[in-house]
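Engineer: Protein sequence lines, in the order shown, are assigned to chains A and B. Quick note on numbering: the first sequence equals residues 1 to 221 in our numbering. Quick note on numbering: the second sequence equals residues 1 to 221 in our numbering.
Derived by calculation from the structure, the hints in this document are not laboratory data. Check the hints yourself; a few may be wrong.
Claimed, not checked - A few chain B positions that, by computed beta-carbon distances, are all more than 12 Å from chain A:
id, residue
1, Y21
2, E56
3, D58
4, Y61
Claimed, not checked - Each computed DSS-like pair below joins lysine-lysine, with the alpha-carbon atoms no more than 27 Å apart:
id, chain 1, residue 1, chain 2, residue 2
5, B, K194, A, K164
6, B, K79, A, K79
7, B, K194, A, K79
As the list claims (entries may be wrong) - Examples of chain B residues lying across from chain A (beta carbon under 7 Å, computed):
id, residue
8, R94
9, K145
10, G193
11, D198
Yeah, the Cβ is synthetic: ideal placement off N, Cα and C, and Gly gets one too.
There are 2 protein chains.
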Amino acid sequence: MSDFKPSALTQTRRRADRGRYDRATVYAILDEGILCHVGYALGDQPVVTPTLYWREADRLYWHGSAASRMLETLAGGVKACVTATLIDGLVMARSGFHHSVNYRSVMAFGTAAPLRTATEKLASLEAFVERIAPGRWAEMRAPTKAEIEATTVVSMPIEDVSAKIRTGPPIDDADDHAAPVWAGVIPLALTAGKPIPDPRLDPAISLPECLARFALARGKP
Amino acid sequence: MSDFKPSALTQTRRRADRGRYDRATVYAILDEGILCHVGYALGDQPVVTPTLYWREADRLYWHGSAASRMLETLAGGVKACVTATLIDGLVMARSGFHHSVNYRSVMAFGTAAPLRTATEKLASLEAFVERIAPGRWAEMRAPTKAEIEATTVVSMPIEDVSAKIRTGPPIDDADDHAAPVWAGVIPLALTAGKPIPDPRLDPAISLPECLARFALARGKP
Chain A
1 MSDFKPSALT QTRRRADRGR YDRATVYAIL DEGILCHVGY ALGDQPVVTP
51 TLYWREADRL YWHGSAASRM LETLAGGVKA CVTATLIDGL VMARSGFHHS
101 VNYRSVMAFG TAAPLRTATE KLASLEAFVE RIAPGRWAEM RAPTKAEIEA
151 TTVVSMPIED VSAKIRTGPP IDDADDHAAP VWAGVIPLAL TAGKPIPDPR
201 LDPAISLPEC LARFALARGK P
Chain B
1 MSDFKPSALT QTRRRADRGR YDRATVYAIL DEGILCHVGY ALGDQPVVTP
51 TLYWREADRL YWHGSAASRM LETLAGGVKA CVTATLIDGL VMARSGFHHS
101 VNYRSVMAFG TAAPLRTATE KLASLEAFVE RIAPGRWAEM RAPTKAEIEA
151 TTVVSMPIED VSAKIRTGPP IDDADDHAAP VWAGVIPLAL TAGKPIPDPR
201 LDPAISLPEC LARFALARGK P
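Next comes chain A alone, as it looks inside the complex (with noise of 0.2 Å):
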């Protein structure tokens, strides 16, 4: 897989052993993710809208109501900064300075353009729900054709893009090693438990296999 190259907007200015630029890396990132948060201005004003996002190939999609603002003013052809970010712990040094946080995100620029056909939709939305649970799709009700036309699903190039990490323990100044302070890291992931039935579940019909296997991959940290 070829890499991706740094551009004004994703070369690292600081830290640079943090800025990674392969695709294996930024694409793993993607797909561990299940919320983005994507910049967009409506004149001068940032806004930046919280959702839940998907990968396919080199495309990043994301989607919702077709009275949404944020899609609204992205299918305008506006351009987008998508963020995902996963944090994997907060680092404790022995000086306030050194603290850190363990991290891996993805920070992808680009232009976000509507898909305009039904077929194009449905399949996108397929490889979303598929992506969290493989086989949920097709134990769901079938999507209605005013459900697809209600539902705006937007996709932006995976182009000018870069992934940033920091692992490991704290760095502390050589100085600070003897001082008498815990120093260390606290892991943090985001972990499913255990899955509550709907109230309104037929009390037969038990989790399904492809849900139960999300809940246990996403285990304690």
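Chain B: place on chain A using the hints.
Structural biologist: Showing chain B alone in chain A's frame:
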């Protein structure tokens, strides 16, 4: 506590039931979160940067290296949007259309300004550390003058702000309730794992109570 006033930016356009403007709700979400996404414009290009943040009274704060592009730009007095999002669960409905996500988010609009004096910066950085682990500040090696100088802290008033919340089970179409499809919520939360001591740490130094409490409080969902 007085409520915030919805503005052209924060007035919910759709799903008005999800918008919240009361101070207690907004502050509770901000105080539970650790990471926010800060949006600002570089010319006509929106940029969304993940960063840790904290709240003191009616202001948001975040910090970083004085060489950070994000902080340098914001210190110039440009408009920003700060969004903090807590994911609480994936909502699995009987139809794809009614799948959703339980979340609590806060979106704050404003203009950030840098703290000017070392005294202000020091007090605010102490508040940052203490909000995560009360007691930690006193344990650490104290900041040096050079470290404080190398740190930029910016703050933004919490004024033009709203919270959005989705909670509870899926809302399926009545016709779908009898469909043989599992429906419910898979809870998600940012949880802490077992703290990992720095390999350089003297094994005689045990985990302080303030960090043990933090790790314990962020249990499995």
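Engineer: Each hint needs a verdict: does it hold in this structure or not?
Structural biologist: Do the hints match the structure? See the list:
The claim that B/Y21 is not at the interface with chain A holds, since no C-beta of that chain comes within 12 Å of its own (minimum 17 Å). Distance to chain A confirms B/E56 as a non-interface residue, since its nearest Cβ pair spans about 16 Å, more than 12 Å. Chain A leaves B/D58 outside its interface by the beta-carbon criterion, the shortest separation being 20 Å against a cut-off of 12 Å. Non-interface call for B/Y61 relative to chain A: holds, since the shortest CB-CB distance, roughly 14 Å, exceeds 12 Å.
Distance hint between B/K194 and A/K164 is fulfilled; the C-alpha atoms sit about 24 Å from each other, no more than 27 Å. The straight-line distance between the Cα atoms of B/K79 and A/K79 is roughly 17 Å, inside the 27 Å bound, and the hint therefore holds. Simply put, B/K194 and A/K79 have alpha-carbon atoms about 41 Å apart, too far for the 27 Å limit, and the pair is violated. Satisfaction of the interface hint for B/R94 is found here, the shortest Cβ-Cβ separation to chain A being roughly 5 Å, below the 7 Å cut-off.
For B/K145, the interface hint is violated, since its Cβ never comes within 7 Å of a Cβ in chain A; the closest pair sits about 11 Å apart. At its closest, the beta carbon of B/G193 sits 3 Å from a beta carbon of chain A; the interface hint therefore holds under the 7 Å criterion. With its C-beta approaching chain A no nearer than about 4 Å, B/D198 sits inside the 7 Å limit, and its interface hint holds.
Consistency note: the structure conflicts with the earlier hints numbered 7 and 9.
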